[in-house]
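Asks: Chain residues, written in single-letter form:
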Amino acid sequence: MSPVRSNPERLSVLDRPNSYIGKTVPRPNLDRLLQGRGSYVSDMELPRMAHVVFLRSPYAHAEIVSIDAAAARRMPGVVAVVTGKELADVITPWIGVLSHLKGLKSAPQSAIAVDRVCWQGEAVAAIVATSRVAAEDAAEHVAVEYRELEAVTDMRTALDPATPVIHASLGDNLAFERVLDAGAVDQAFAGSDVVVEAEFIFGRHTGVTLEPRSVVADWDAAEARLTIYQGTQAPHMVQNIAALHLGLRESQVRVVCKDVGGSFGIKVHIYADEMATYALAKLLRRPIKFVADRVESFNTDIHARDHRCRGKIGVRRDGAITAFEIDDLTGIGPYSMYPRTSAIEANQVVNLVGGAYTTENYRARARVVFQNKNVMCQYRAVGHPIACSVTEGLVDLAAMKIGMDPVEIRRRNLIADDAYPCASPSGLRFEQLSHHASLAKIVEMMNYEALRAEQVALRKQGIHRGIGIASFIEVTNPSAAFYGVGGAKISSQDGVAVRLDAQGSVICQTSITEQGQGSQSLTAQIVGSVLGVSMDRVRVILGDTDMTPYGGGTWASRGAGIGGEAALQATKILRKNILDVAAVILQSTPAELDIIDNAVVNIGDGAPRIELDELARIVYFRPDTLPPGIQPELMATRHYVPREYPFAFTNGVQAAWVEVDTDTGFVKLLKHWVVEDCGTIINPQLVDEQIRGGVVQGLGAALFEKCAYDDRGQLTNANMADYLVPMSGEMPDIDVGHVVSPTRESELGAKGAGEAGTAGAAAAVANAVNDALQPFGTTITEIPLTPQVILTALGRI
Amino acid sequence: MKAAAFAYARATSVANALELLAVHGEKARVLSGGQSLIPAMNLRLVAPDVIVDIGELAELRGIAVKGETLVIGALTRHADLLKSSDIVKCAPLLGAAAAHVAHPAIRNRGTIGGSLAQADPASELPACMLALGASIVVHGPGGERRIAAEDFFTGIYETQLAPQDLLVAIELPVARTGSAHFFQEFARRHGDYAIVGLAAQAVLQGDRFADLRLGYFAVGDKPVLAKAAGKLAGVAITPALLAEASDALSHELDPHEDQQATPAMRRHLARVLLARCVASLLNRPDLNIGGRA
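Going line by line, the protein sequences match chains A and E. Residue 694 in the numbering used here sits at position 682 of the first sequence, with consecutive numbering throughout. Residue 1086 in the numbering used here sits at position 209 of the second sequence, with consecutive numbering throughout.
None of these hints come from the bench; they were simulated from the model. A virtual CB, placed ideally from N, CA and C, is assigned to each residue, including glycine. One or more hints might be untrue.
Per the computed footprint, the stretches of chain A lying under chain E, defined by three or more beta-carbons under 8 Å from a beta-carbon of chain E, are [said to hold, decoys possible]:
id, region
1, 293 to 307
2, 726 to 735
3, 797 to 809
Extracted from the complex, chain A is given alone in its bound form (with noise of 0.2 Å):
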């Protein structure tokens, strides 16, 4: 192949000549985890490692009056059984707020409890021991005497009055209250047709990680170093943190995180029993182990979502929506999580709400209460979900009451495509969206008037099916907006290092992480193209703080566009490095020299000059035969983080066909569609997965998913049996398509897509249902849609 161009300035770092960018090529740590060599902390062995097992309250909220541990500290195995007060002296406790979330406010939280419990599933001991059956053995004799005390369990009451208030030192069970008001809502409210009101209801549920949460602590006593293992997003926040509780500096705490068996956002925070284990590897000093085990993930690993939403939409009879109004009200549990506090979801929600749409008038209020549940903080698509089931749900009751299709009244209200750049009523701001381009993709993709006529002809047949339509925005790509101007220790730039080595290979180190996204292929598939080196050539180390360069890490659809522009920034430093460096090696100029298929080659006809093992072989071992005065630096590093969008936007819309069975109040998922767009698409099948991935997770939302608490706080389902996670059996095909708007404020233009597929899935599939019901004259707008919750709307029970 001789790669001829014409005009070579024309094309980007991207378009070069087998670019690997926009191809479905393999994930380069496949045969490793395939072949079982993954490395997970749960399978980590230390010499004298011993494994702690946290006993857990069984009350949702009570003193603690005493905690007997004698006996247990007698039974074999033990190494110590530490209660809160005593690891109290070895790590201080934190409080999860944030400036820039105005009055957001949060109690003490200890890494055990010390005097008191606030949720089922608080630890209120340690107990460490040779293993860990030896730990559970021991931890059925720690004797605790509780006082039980009144629980806060319902959101609707915790600001009541009579309500015990949680932590007295508050004043109230109030979190966080945001209000907004832009434009004239009560004036565009009075100017409408129609006005529709509804509650939304969401059920608390969880992300249920394959792997749990795990970690390795080692406190090497001699070097005054603490090693942390650890499945987590966010390495270096993780080093920040254990560091400044522990009284240590940064240097002096090394976090390790390699393979990850799922995250999903519950493995980007910091939880009191994490902080515990690295505690008490520096209290003992030997290695500790923690693997949390199912029973207690579902006590203990973030909740989110659990939300009550009155919402309100005004519609005149031609379509035009004329304002949005919101209520929501979420309660996060007993504490403000660490360090990215629990109000950021329903700050999102009021973001988001009928941010697709042209509207101008849009009042908001949120509110955040405490209550003695476990504590909730961000999960994949974080407040998107809320926001996208509150506003699709209404723009779909407006369509209703007005007799207007679906597909038409979002046609006619959806910000064009041709509008940009623009802001929401809440400030958001848009660089290039493509709502009407995706509405028509998938209008087309889902044949849709050929589904609407089927669904009329089964109808006479008494088979109910209905079609779903969400149009969505997301969050990506954030800047320092996020958490940094709050006064977080959360990086919002990235880094990135590459070097040839002395056989024309490249290492290259990223501070983005991987768990299971593609974050190493990504990468590799960046270095590779930018470079003209095959990706078999290119390894990528992540996930270590004392290897990579420093940065956020990878979660909030942040790790290829974020962590990739910083690949494409260094690897184009690396290029023109060799370049010059080839250029003295042949008597060229950079100019005349392209580097392609691993050799550089004459840019005018592709002629090859000298592969990359020559050159580095010069410049490592000969750079005595190189011109005095040459320096060659085949080693390059640039970070990169957004300055001009706080977050870069994307867009798209799902679509759900479904069956409800109205004798029985079953719902079948028969068909799902899904339009995004994320600017530059690097490897299509992995963006492809991530968004049927994160569609499966909002169709757990949507019909399974839900943290039962009764209302003494009691976790009713903290188990794979009742707690029903959404399986293949289940789920329907998912079809996804895109619409590519690249991001002009990188190089490479990705934006993000973990996250898009949850945002939208539940939302679709309500107004399927909904879609489905309409001859039965009523609606749901609850999810989980179980058949109980069917049923009962259909009044069959």
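Since the structure of chain A is provided, determine the placement of chain E on it from the hints.
Replies: Here is chain E on its own, set in the frame of chain A:
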């Protein structure tokens, strides 16, 4: 989630298993396929001192037709029920039900004897035993005895089995000419325990039921052989008669409440199943009148 320490004994014969159970009594638990016992032990919901593993007792495994009786060894796995041509011929209801027992991995290990001894009221096979008129063959300190399925199940996870007993086999009458069956359950996901399920066995005579046995499960603390079936046997069935039987069924059932369903919902779904069952067995779509039946 690690089991508490326990002693382990692998029984070498039925007699040996009975000896072990006689010695350890209530402190022992029989390990068959382990699909219920082992998770319960890992969750420390149960902590037996001794596990008596009967997994090697080949004489308890297998399916045989003896005259008019189908004999299924207690260790016969769910997967074997699905593959057996004898089951297809003599008790096809069991094959239909076994397909709904959890997932392939569990069906490959779980056994029919284990399922019956566990007596989970939401599981499929106990209800099949009622519908099929099975006898449960038990060996105990007093020798061998047969317990009618209708008497065997006494409550949630409770049966007529004493701690020293071993369930060794199930005996079923071979399906008669004109036999038909119906199996359906409502579960949130494939493989989940049913919210309500029905295992029905009928003998058809022309356009009527000569016999109809309705084994409901997940409608209370044990499987229920619905007496309402009596209203539908030997008569021409009209929607009105079906509705009458359905009302009788509602009265007869005393379903429990759990996270999946209220008692009212269970009654409703039981009625839906009755209508579907009768409509399907008689090939009368006009009788499929949903919960209104």
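Asks: State for each hint whether it applies.
Replies: Hints versus structure:
no.	hint	result
1	293 to 307	holds (count 3)
2	726 to 735	holds (count 5)
3	797 to 809	holds (count 6)
This entry satisfies every hint, going by the numbered hints stated previously.
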